[in-house]
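Sequence order for the protein chains is A and B. Each residue of the first sequence is one higher than the last, beginning at 1 in my numbering. Each residue of the second sequence is one higher than the last, beginning at 1 in my numbering.
Hints should not be assumed to be uniformly reliable.
Treat identical chains as interchangeable: a pair holds within one or across any two.
[To be verified] In the DSSO-like style, the derived pairs of lysine-lysine whose C-alpha atoms are separated by at most 27 Å in a straight line are: (1) Lys205 / Lys287; (2) Lys205 / Lys44; (3) Lys79 / Lys188; (4) Lys237 / Lys307; (5) Lys19 / Lys77; (6) Lys77 / Lys176; (7) Lys188 / Lys117; (8) Lys77 / Lys205; (9) Lys188 / Lys95; (10) Lys151 / Lys77; (11) Lys287 / Lys151; (12) Lys307 / Lys204; (13) Lys188 / Lys74; (14) Lys77 / Lys298; (15) Lys77 / Lys188; (16) Lys307 / Lys74; (17) Lys44 / Lys201; (18) Lys287 / Lys204.
Simulated from the structure, these hints should not be mistaken for lab results.
This is what each chain is made of:
Number of protein chains: 2
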Amino acid sequence: MNIGLDMMGGDFAPLEAVKGLQLYLSGSNRTASLYCIGDETLVKPLLEEHQVASPNLHLVHAPEVIGYHEHPTKALKEKQRSSIAIGFHMLATGKIDAFISAGNTGAMLVGAMFSIKTIPGVLRPTISTVIPKLDGGTGIIMDAGLNSDCKPEQLDQFAVLGSLYAGNIFNIDNPKVGLINVGEEEGKGNLLAQATYPLLKENKKINFVGNIEGRDLFNNKADVMICDGFTGNIILKMAESVYDLVQARGYANDEYFTRFHYENYGGTPVLGVNRPVIIGHGISHAKAFKNMISVAEKMIESDVCGKITALFSNNLPE
Amino acid sequence: MNIGLDMMGGDFAPLEAVKGLQLYLSGSNRTASLYCIGDETLVKPLLEEHQVASPNLHLVHAPEVIGYHEHPTKALKEKQRSSIAIGFHMLATGKIDAFISAGNTGAMLVGAMFSIKTIPGVLRPTISTVIPKLDGGTGIIMDAGLNSDCKPEQLDQFAVLGSLYAGNIFNIDNPKVGLINVGEEEGKGNLLAQATYPLLKENKKINFVGNIEGRDLFNNKADVMICDGFTGNIILKMAESVYDLVQARGYANDEYFTRFHYENYGGTPVLGVNRPVIIGHGISHAKAFKNMISVAEKMIESDVCGKITALFSNNLPE
């Protein structure tokens, strides 16, 4: 398998991307070919300095960089020699099987949706966030901010996408799907939640367990927790701030709360597009880059995009 | 001032209500007359047993109780001798100046809106939750779950109601109002947030500081944090679960996290109705009851309902 990594994305790139590669390569069973896309005048000396070398490592020169505040569509169009544009070109043409970047999120989403394209039958791609469960398990919340306003049919699809993701990447067997809501009973909630509940209840592709509340996010009631991207983004950032709070109070080394640190998960795949695309946190450090490569490996190995395509092809008009 | 307390509301009533009275009366400067509304065959022996006695204490017999799962409107109509129905009757006729209950929330809301009635000019009453700020301050989130689906004009009014509440009850001078959103810049967010931002920006009755994100809820960017009741309820319950998490991890005695415990705040007033109505958590213990009485005192003293009436009368059609 071939994995493309944007060396120029993230606040601490390319140094932390280089260190992430080093960390990744220090592990065992590293058979993936890694394509490091970035400015070689910057990246090459760093790779040498940190003695990151492997026959599986290939440097792809990209002299341009899309900055954080650039307009995504405009930048992708004008900077065709940027690391993100080259990454998507390689992904679209099959030179790599997955593309990872901690760079301009908007550009990554535009690239994913317009260059890689949405899987037929999927209304809208989605992104997720990982929630550490108190009992040691892992949950995902979906949508984590890509789709602020959602329709019930989209939430219904997120449940299918999230179940496949949880099953294939986190090895959760028959993942429990919960609808994030303000009460347990059917009929509770805002208009969106009220209209989504019956769809999830009837959906035979998922294991729906009903509504879950804000207090259930960290317990084991549900593995895949569904909401619109507005709610999901508030939850994601609030959960990140819980880590900041325990750190400020001196409990940063607590085994459980350590798991709240974004670096443990690295980034989120864009689910619902034809190939694995992983978007990292802007403040990604080495561990985050290493973990994003691991997620890409799992996505390729499990062919989660192929499974999504197969599952959604049933819904297509004849 | 005269404060009515439903002795029968809450999972641990009437015992914890009695203990709450005891706690309250043990403080200094207790001049309020307290009307204890409940089944006197149950309440009187408990008051005697716990030696809760004061010339300011008056027992009002209410032989019926509205249970947790009863239909609010139906129960209020059929059980006119229940503690909640009698409480609202006393409040509506001026025998008491504030009414507190940890009983059936729906019945409390129906009572507040139909017996006490919404202040002219207020589109919808609202409830809030208290958020402990890391720097020691106190913030409020509004709406905390009363209005799942909101219009921009409602959120704009919540900002005014919340500012008055924060100023009069938490003594926050010129409270900073933030719109809970998925990004800092104007134009971010779902349709509701996008439409609400310009209203808040133009609102001269509040000190609007812009958008705040999920990570800002515990910092000091804003004192009054505005969102729809769906989002607010998720945040409220998630914040409550943070207390559960730190307790599970053994940090329950941490000075900051202790403040996450609902008992410190007791309950939430229904803001936007003509008289002080305070709804308690179903699991209220003594401290919560005591604190609800204190909030009622402050609401009466500061005449926050009168101030709301004055402020909203400007908006009324001529």
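*Against the structure shown, which of the earlier numbered hints fail to hold, in ascending order?*
1, 2, 4, 5, 6, 8, 9, 10, 11, 14, 16, 17, 18
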